[in-house]
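Participant: The primary structure of each chain is shown beneath.
There are 2 protein chains.
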Amino acid sequence: MFGTGLLMLPPMAIEDRHPSFLTALFTSTSAISVTGLAVVDTPHYWSTAGLVVITVLTQLGGLGILTGAALVILTVSRRLGLQNRLLVQAETLEYGLGNIRRLLLHIGATVLACEALMTVVVTGRLWMAYDYSLGGALWSAGFHSIQAFNNSGFSLYPDGLLAFSRDPWITLPLAFGSVVGGVGFPALFEAVRQWRRPARWAVATKLTIWGSVVLVAVGTVAFLAIEWSNRGTIGQYAAADKLLAAFSQIALARTGGIEVVPPGAIREESYPLLIWLMFIGGGSASTAGGIKVSTFFLLAFVIWAEIRGEPDVTVGRRRVATASQRQALTVALLSVAIVAASASLLIAITNHLPVQTALFEITSAFSTTGLTVGVTAKLGDAGHLLLIVLMYVGRIGPLTLGSAIALNTRRRLYRYAEEQPIVG
Amino acid sequence: MFGTGLLMLPPMAIEDRHPSFLTALFTSTSAISVTGLAVVDTPHYWSTAGLVVITVLTQLGGLGILTGAALVILTVSRRLGLQNRLLVQAETLEYGLGNIRRLLLHIGATVLACEALMTVVVTGRLWMAYDYSLGGALWSAGFHSIQAFNNSGFSLYPDGLLAFSRDPWITLPLAFGSVVGGVGFPALFEAVRQWRRPARWAVATKLTIWGSVVLVAVGTVAFLAIEWSNRGTIGQYAAADKLLAAFSQIALARTGGIEVVPPGAIREESYPLLIWLMFIGGGSASTAGGIKVSTFFLLAFVIWAEIRGEPDVTVGRRRVATASQRQALTVALLSVAIVAASASLLIAITNHLPVQTALFEITSAFSTTGLTVGVTAKLGDAGHLLLIVLMYVGRIGPLTLGSAIALNTRRRLYRYAEEQPIVG
Ligand SMILES: [K+]
Ligand SMILES: [K+]
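Protein sequences, first through last, are from chains A and E.
Taking our numbering, the leading residue of the first sequence gets 1, the next gets one more, and so forth.
Taking our numbering, the leading residue of the second sequence gets 1, the next gets one more, and so forth.
Errors might be hidden in some of the hints.
Here are the computed distance ranges between Cβ atoms for each label pair [unchecked claim]:
(1) A:20 with E:40: 52 to 60 angstroms
(2) E:108 with A:352: 43 to 51 angstroms
(3) E:109 with A:389: 53 to 61 angstroms
Chain A residues, not near chain E, derived (Cβ > 10 angstroms throughout) [unchecked claim]:
(4) 41
(5) 52
(6) 196
(7) 209
(8) 393
Source of the hints: derived by calculation from the structure; they are not laboratory data.
Nothing here was measured: the structure is a model prediction, and the numbers come from that model.
For every residue, glycine included, the Cβ atom is placed at its ideal position computed from N, Cα and C.
Make a model of the complete structure from these sequences and hints.
Facilitator: Take a look at the structure:
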């Protein structure tokens, strides 16, 4: 809200541009929710002061999510009497104020360290290999590092990172930050602490880490196969450059929303792929949105157990509680319903936007991905309001819902007789 | 297979039409799976002999499904040690050969009685109020009654029942048969036997009966609201006729696939409505397809329980077994995956069919509904093969999967430690 007011001030936009309330609201919502959808051409609309505000909002939004979600998970775990190895050292099971402060400092320091590392590498490359002054390189590198790590999709260039799509010194550091931020700290801390013994990771960590690896790998291969000969995207690149561009597009755009290839030029076969990846999103308590990697793969394990006739759902020698299965089901199906209803509404509002385009933009906003096929600016005020609501719902919805569900467990003094209806 | 050969014989088509193998295969698959999708203009392509073959295939297909599914449910129930009040009188819990023969005879007699009743009413109306000979009226009434009861979508008229859309004497008997056949016998027998005490119905019966009522009511109201002023469909009708046409369209087309209003003229807002209704389909062990009404509403109850924080999922004072919840989840999510993948494939095959159209035709085939927006004939050989596969999969898939899942329960001699990952 404060960001909206700030962005409406005259110095925030270039010369004769006067941001309307809705434009400022959309942009600040997009920044604070680390989505990155834009209704205006970011670099040609906002002044440097405006871009700094966007950067600060993004960083605050990202830190708020990372720390807030970590606290929510800690609280829920404590209330459920669960030992949360993901966030707190196994030996310090007391969740005292000191521990919480240490956790938040740990998160903040990791964020700054990652962003600094990314900025240094990208600044060096821009300064040495391109026609940038040191200051210009630092500004661009810092801006995009913060955007990438926080999985937000604003860019200083109208076509995203297209100009650097074949430069691994630019795309790989940003992709690294995007993946790290998109995995989230609960899984990341445990994976780093126990990197020698991945078999001992908690179920949520295993699902998130291996799931993210699978999604990026499958996404890269599928994108490569679909776009291989598309001259509008990677068709004219050498084979190694195609691989680099496809990998960084998937790593950066899947959850972050920074484009590496022109999104308006991708083949229609890439739409369902990207919609599916955006809908799944990143890790729990990460800067990425969506229903979460762990939710998706947990459901896959449920189905697999069901097909094999296993009485329990097991992930790496651990049995998954029925409560978690029901939570995953609820989050996934409610999200499907929200996306489907919103897409239908957007189609009605916009007088017949193509279905795949509507699904793309809606999923992008709901999963706070910020990827677009280039129609965001044309959706009209009602369409923009819908996207604003979806960005808020998508940002705070799934975790709030999940934790509310986990906490709000009623105890029954009696149980009804059981029945086993046959379905299908 | 036999039907395919039969339909390729010269006397089956009109004069100079020579059905290709694929056309015959598609039509016989469509008839035996009681779908009703057509690649040719049925009345202007097949001779009377061909139409009789289609009728016989439809009736055999419908009876096969009704009896086969009833036997599967009986077998599964017995293997699970469940008492199946749905199919067998509560007092006769022995599933001897005599009981099974009695059950099959009961089903067959009910089918014939319903179809005869429908045929009599429609014949009388066609003979008296329209320009039909008695023989012509009987043929048309019998054909459409068998199609409607078996929830198959072939018609003797190129535009379905459009000419009768304002005649309750025609549409209501057919809608009645379609709904009865689409509810299925397990639920129907129990509902009829215990009609005074609906609170005592089994969970599956409650979900199927009340769920069907809700779906038809919601579908009718939504269709009425969307199409109210659409001059291509019901816009020019009087209010009462609008209601009649909307109700019979939903009752007949939701699972049966017989059109009452021109399907090519419906508004785009009706697409998601009809796709959603087709995907859900009808009752278990009915002539309708889809993931089944009970599957859909069971998942709704799971989500509702989850949101309210109830430890158990209860439906009308009965606790639903976790195994049933997992089965419903598996059937629903695998079906979503099949439809999404098939729609993407169809779009690729047909060189960019609009997404909503592809989803419509794929869902129609997979749910064996047979409703079309008029493009079935134009999908090409590869598209037709895809639809043929989907009709088979959709017909035998969900129940086979569900019962295989229910039967294939492994016993474990040990269990792993439980974990409760937090999702969302
Ligand atoms: K984003
Ligand atoms: K049908």
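Participant: Against this structure, judge whether each hint is valid.
Facilitator: Evaluation of the provided hints:
1. A:20 with E:40: 52 to 60 angstroms: 56 angstroms, holds
2. E:108 with A:352: 43 to 51 angstroms: 48 angstroms, holds
3. E:109 with A:389: 53 to 61 angstroms: 56 angstroms, holds
4. 41: 28 angstroms, holds
5. 52: 33 angstroms, holds
6. 196: 21 angstroms, holds
7. 209: Holds, since 13 angstroms exceeds 10 angstroms.
8. 393: 13 angstroms, holds
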